[in-house]
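Enquirer: So you can see what is in the structure, the chains are spelled out below.
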Amino acid sequence: MVKNIKIGLETHVQLNTNTKLFCSCSMKNISEAPENTRCCPICLGMPGSKPSLNKAVLDLAIKIGLALDCKISPETFFSRKTYLYPDMSKNFQITQYEIPIAKKGKLEITDRNGKRKEINIERINIEEDPAKLHHVDGDISSAKYTLINYNRSGIPLCEIVTSPDLSTPKEARIFLKKLSSILEYLKVFIPGELSMKSDVNVSIEGGERIEVKNVTGIIEVEKVIDCEIFRQGCLLDDKKKIERETRAWLPESKTIVLLRKKESEEDYGYIFEPDLTKIEVSKEWIQKIQKTLPELAHQKIERYQKQYGISQELAFSMASDLDIAIFYEKCIIKQDPKFAATWIDLLKKTLYYNDLSIKETKLTTEIFLKLLDLVKSEKVTKSGAEMILRDIIHSPEKFEDIIKNYSIIDNAEQIVSDVISEESKAVSEYISGNQKALQFLMGQVIKKSNRRIDAITAKSMLEKKLK
Amino acid sequence: MNTKKVLEEAKELDKKYNIFITINENFDGKFPLAVKDNICTKDILTTAGSKILHNYYPVFDATAIEKLKKRGAGIIGKTVMDEFGFGTFSTNCAYKIPKNPHDPKRCCGGSSGGSAAYIAASKYAEFAIGQSTGGSITCPAAFCGVVGLTPTYGLVSRYGLIDYANSLDKIGVLAKSVEKASSCLQMIIGHDSKDSTSVKKKQGIQKKKITIGIPKEYFANVDKRIVVQVMKYVKKLEKDGFKVKKISLPHTKYAVPAYYIIALSEASTNLAKFCGLRYGLSYSSEEKGFNEYFSEVRTAGFGEEAKRRIILGTYVRMAGYRDQYYLKALKVRTLIIRDFKEAFKKVDVLIAPSMPMIAPKFSEIEKLTSLQQYTSDILTVAPNLAGIPQLSIPCGFVDKMPIGMQILGDYFREDDIIAVGKQVEKYG
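Protein chains in written order, with my numbering: chain S, 4 to 470; chain Z, 17 to 444.
FYI, nobody ran anything at the bench for these hints, they're computed from the structure. Don't take every hint at face value.
[To be verified] Here are some chain Z residues pointing at chain S (derived, C-beta under 10 Å):
hint, residue
1, Ala288
2, Ile327
3, Lys344
4, Thr350
5, Glu358
[Said to hold, decoys possible] Here are the simulated lysine to aspartate or glutamate pairs, EDC-like style, with alpha carbons at most 20 Å apart:
hint, chain 1, residue 1, chain 2, residue 2
6, Z, Lys361, Z, Asp431
7, S, Lys385, S, Asp457
8, S, Lys147, Z, Glu302
9, S, Lys147, Z, Glu308
10, S, Lys6, S, Glu255
11, Z, Lys210, S, Glu130
12, Z, Lys112, Z, Glu28
13, S, Lys173, S, Asp202
14, S, Lys181, S, Glu162
15, Z, Lys438, Z, Glu195
16, Z, Lys347, S, Glu101
17, Z, Lys304, S, Asp326
18, Z, Lys139, Z, Glu195
19, S, Lys365, S, Glu389
20, S, Lys147, S, Asp240
21, S, Lys9, S, Glu208
22, Z, Lys344, S, Glu101
23, S, Lys107, S, Glu162
24, S, Lys147, Z, Glu303
25, Z, Lys347, S, Glu78
26, S, Lys180, S, Glu316
27, Z, Lys304, S, Asp90
28, S, Lys264, S, Glu248
29, S, Lys294, S, Glu187
30, S, Lys337, S, Asp326
31, S, Lys84, Z, Asp339
32, Z, Lys442, Z, Glu303
33, Z, Lys192, Z, Asp431
34, Z, Lys112, Z, Glu380
35, Z, Lys304, S, Asp140
36, S, Lys365, S, Glu381
Note that beta-carbon positions come from the ideal geometry of N, C-alpha and C, so glycine has one too.
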């Protein structure tokens, strides 16, 4: 039995800036740019080139620090972390060591059961991304040769380091999801376009800490931790020692391999980066950034519950995705917040089922509100509206045509009469007191109306006719 | 200007004294400019005196070069230097060793040896570009009998300078006269957005009466004949109305170890980028792991002194040693800065010998250990650690070899040292 699991994450997020960290290379759609077209003497580490700091990165890092309740350092600076590796143009990385831009923060996570837990943020560093290696015909050890794409070299990264406060793979997933949502809210990170990678530290009782480097994706982090706990548990079962080591996640083969053992741990020989000057972060600067902080997901969840009286679950559903939250807040200008939340939750599920995001559908709040009006004025049934949702997320422009197929029809009376005359056996059973027969008749009415008559209407119409 | 004659002279001097790594055959401009080889010149071979960059043609001009070209400078050539600036005598050279025009059996001093020798020997060139980390302008200026001007750290952009130790490196001037040195400096100063440590010069108020400080620590362990000669000049200045005061810079004795620790720590990281991947020396990398390949290139490309400095510089910043060497040296640096700040409360400039000896013979240098070589920097490393402006100016001869005295000024007070320098020049 594995006990006392401790998990800490070091998450590297590429920051959404116009230019790179130390030069003026454009970051616009950089993930799609052809290889080695977004680099200059500075990101290539050409002799004589020097870094000059992109101040916008500091703004973003301070923003993240504030959103994660961190203390912002009044003075900060950069250091050189030296190690020779082909993805590093200078064979040292400019990062932060002694005094990071922000430290000592926290992020509260809530699981589906509403249990809350505070995860401590130890520090937030700014550093440069290395170039990207492309191992041709194999992985790092088997490839015939390796190509280097320097487009990535010098992209600003923010490293967010937690204390080992997470205790299950699921908690790590919840934490990263929340972190990702916050970063998205802050507009400092663009999921899908920029990357988010984690170094995962896992230890169990009776063993030393194991680090798995370079895990991309939130689901992968959860899987890696699961594997590590299992692997370490097996080692203990076999009475083997778990010694400090660094492992690497290989995304190509989805495997974890040993990188190095304790005795060959890297010594980075940090020195202060002499090409950059110290940065003083004034109180005014921090206040200025504070004012630009948007309402965050967890703040929205609380406000939605308090202000609109919706359930925690619905509030969570509305706020966890920024685009949904914007959609919701737009809808409730004209619609009842509880009613709208219920239907947007349904919309979310429908989108999820179709593997679509709210951005990808061209569904506008105007059309969605039209649909809600039809439901409210009982011009379509609830189940009819659900059918409409499934159609309009694909082609919202055909809304008017789609509702024709589902709106309540003028010949409802005729349908009910037809069912009564066609199902005389059930009718007589109902008259003689069998309530189940009414259920059957209701079903027939709904079916014949193509779901344009809902159960309640069908019931009341049948009862009226057969009185 | 007769470009043909300048070019001919350069070739002739190079044959005699080994001044240039590259002579620019396409030389053209209003005046000839020799540039130390660790400063990037677009499309002109720039090796920093190292085999590892034997084929490196920069894609851009250093900011200082850009500025000089705008004023009409034509690059006559790239001058010989100790590999990456690692030396006091310009004898740690990958290509050729420059000879002193005053006596070819003796060294030029380093590491800007080629630039100093060119100014000493040329009829046409009035100033050349050098660079100092721990005394690499003052030393060759003194040994070759020319003026050497090392500006306040940050006054001249380092963009395009191939780094030795970034927190110490300064681009400066070797010149035939103080006036020429000063006018060249004016062309290259100014803030540059591409170098975060560069600054805009604060305008100082010209002092009416300059007080000279004589730091006692700078006269111990110096060739007595040099001390006598320097003091002769100080007496002349005193006679001409300069007030002279004795001063102490108590932390001077720690300057050499602190300097070497800081400089080599930075140098060992700067040299990491030279690995045969994107530029410079390269070999076939087939069937080799990257570590093996990097080692092969670096083993062949770096000279012995570069390797020594990488090893020393790496050692002093490793876990377990970092506190007692690297961080301690930074603290010493603060104390040395404080020494100078205190001194400049009492006096305006300091005067001392530039070097403790005259230019040694190559046969003498061969006998020196690394440590003995490092300690010859005793008079220049402290001002370089502090980053204050330094002017080395010839002040007579010992054994028919020129000697230099250095005038040190407060931060951004280049005007003070230039004023005193011009006075010294009058004494001939």
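Enquirer: Would you mind marking each hint as holding or not holding in the structure?
Expert: Consistency of the hints with the structure:
For Ala288 of chain Z, the interface hint holds, the least distance from its beta-carbon to any beta-carbon of chain S being 3 Å, beneath 10 Å. With a least beta-carbon distance of about 12 Å to chain S, the hint placing Ile327 of chain Z at the interface is violated under the 10 Å criterion. The criterion of a C-beta within 10 Å of any C-beta in chain S is not met by Lys344 of chain Z, whose closest approach is roughly 13 Å, and the hint is violated. Because the smallest distance between the Cβ of Thr350 of chain Z and any Cβ of chain S comes to about 13 Å, over 10 Å, the interface hint for this residue is violated.
Among the interface hints, the one on Glu358 of chain Z is violated; its C-beta lies about 23 Å from the nearest C-beta in chain S, farther than the 10 Å criterion. Restraint check for Lys361 of chain Z and Asp431 of chain Z: the C-alpha separation of about 17 Å stays at or below 20 Å, so the hint holds. Between Lys385 of chain S and Asp457 of chain S, the direct Cα distance comes to roughly 7 Å. Compliance with the 20 Å bound is thereby established for this hinted pair. Between Lys147 of chain S and Glu302 of chain Z the CA atoms are separated by roughly 9 Å; this keeps the pair inside 20 Å, and the hint holds.
At roughly 16 Å between alpha-carbon atoms, Lys147 of chain S and Glu308 of chain Z fall within 20 Å of each other, so this suggested pair holds. Proposed proximity of Lys6 of chain S and Glu255 of chain S is contradicted: the alpha carbons are some 31 Å apart, above 20 Å. For the hint linking Lys210 of chain Z to Glu130 of chain S, the alpha-carbon distance of about 19 Å falls within 20 Å, and the restraint holds. Proximity of Lys112 of chain Z to Glu28 of chain Z is assessed by CA-CA distance (about 15 Å); at most 20 Å being required, the pair is judged to hold.
Between Lys173 of chain S and Asp202 of chain S the alpha-carbon distance is near 16 Å, which keeps this suggested pair within the 20 Å criterion. For the suggested pair Lys181 of chain S and Glu162 of chain S, the alpha carbons sit about 16 Å apart, so the restraint of at most 20 Å is met. Annotation: proposed proximity of Lys438 of chain Z to Glu195 of chain Z holds, straight-line Cα distance about 7 Å (limit 20 Å). Only pairs whose Cα atoms come within 20 Å are accepted, and Lys347 of chain Z paired with Glu101 of chain S is accepted, the gap being roughly 16 Å.
With a C-alpha separation of about 50 Å, the suggested pairing of Lys304 of chain Z with Asp326 of chain S is violated against the 20 Å cut-off. Using a Cα cut-off of 20 Å, the hinted pair Lys139 of chain Z and Glu195 of chain Z holds, with the two alpha carbons roughly 17 Å apart. Taking the CA atoms of Lys365 of chain S and Glu389 of chain S, the gap is about 18 Å. The hint holds against a cut of 20 Å. Between the alpha carbons of Lys147 of chain S and Asp240 of chain S the distance comes to roughly 39 Å, so the proposed pair goes past 20 Å and is violated.
This hinted pair checks out: Lys9 of chain S and Glu208 of chain S have alpha carbons roughly 9 Å apart, not beyond 20 Å. For the hint linking Lys344 of chain Z to Glu101 of chain S, the alpha-carbon distance of about 15 Å falls within 20 Å, and the restraint holds. For the hint pairing Lys107 of chain S with Glu162 of chain S, the CA-to-CA distance comes to about 14 Å; that is within 20 Å, so the pair holds. Between Lys147 of chain S and Glu303 of chain Z the CA atoms are separated by roughly 9 Å; this keeps the pair inside 20 Å, and the hint holds.
Between Lys347 of chain Z and Glu78 of chain S, the direct Cα distance comes to roughly 18 Å. Compliance with the 20 Å bound is thereby established for this hinted pair. Straight-line distance between C-alpha atoms of Lys180 of chain S and Glu316 of chain S comes to about 16 Å, which keeps the hinted pair within the 20 Å bound. Taking the CA atoms of Lys304 of chain Z and Asp90 of chain S, the gap is near 16 Å; set against the 20 Å cutoff, the hint holds. Between Lys264 of chain S and Glu248 of chain S the CA atoms are separated by roughly 5 Å; this keeps the pair inside 20 Å, and the hint holds.
Of the supplied pair hints, the one linking Lys294 of chain S and Glu187 of chain S holds, its CA atoms being roughly 17 Å apart against a limit of 20 Å. Proposed proximity of Lys337 of chain S and Asp326 of chain S is supported: the alpha carbons are some 18 Å apart, at most 20 Å. Restraint check for Lys84 of chain S and Asp339 of chain Z: the C-alpha separation of about 16 Å stays at or below 20 Å, so the hint holds. Distance restraint check for Lys442 of chain Z and Glu303 of chain Z: the Cα-Cα separation of roughly 66 Å exceeds the 20 Å cut-off, and the hinted pair is therefore not satisfied.
Restraint check: the Cα-Cα separation between Lys192 of chain Z and Asp431 of chain Z comes to about 18 Å, which is no more than 20 Å; the hinted pair holds. Taken as a hint, the Lys112 of chain Z and Glu380 of chain Z pair is honoured in the structure, with Cα atoms around 18 Å apart against an allowance of 20 Å. Proximity of Lys304 of chain Z to Asp140 of chain S is assessed by CA-CA distance (about 16 Å); at most 20 Å being required, the pair is judged to hold. A C-alpha spacing of about 25 Å is found between Lys365 of chain S and Glu381 of chain S, which places the hinted pair above 20 Å, so the restraint is violated.
Of the hints listed earlier, those the structure fails to meet are numbers 2, 3, 4, 5, 10, 17, 20, 32, 36, in rising order.
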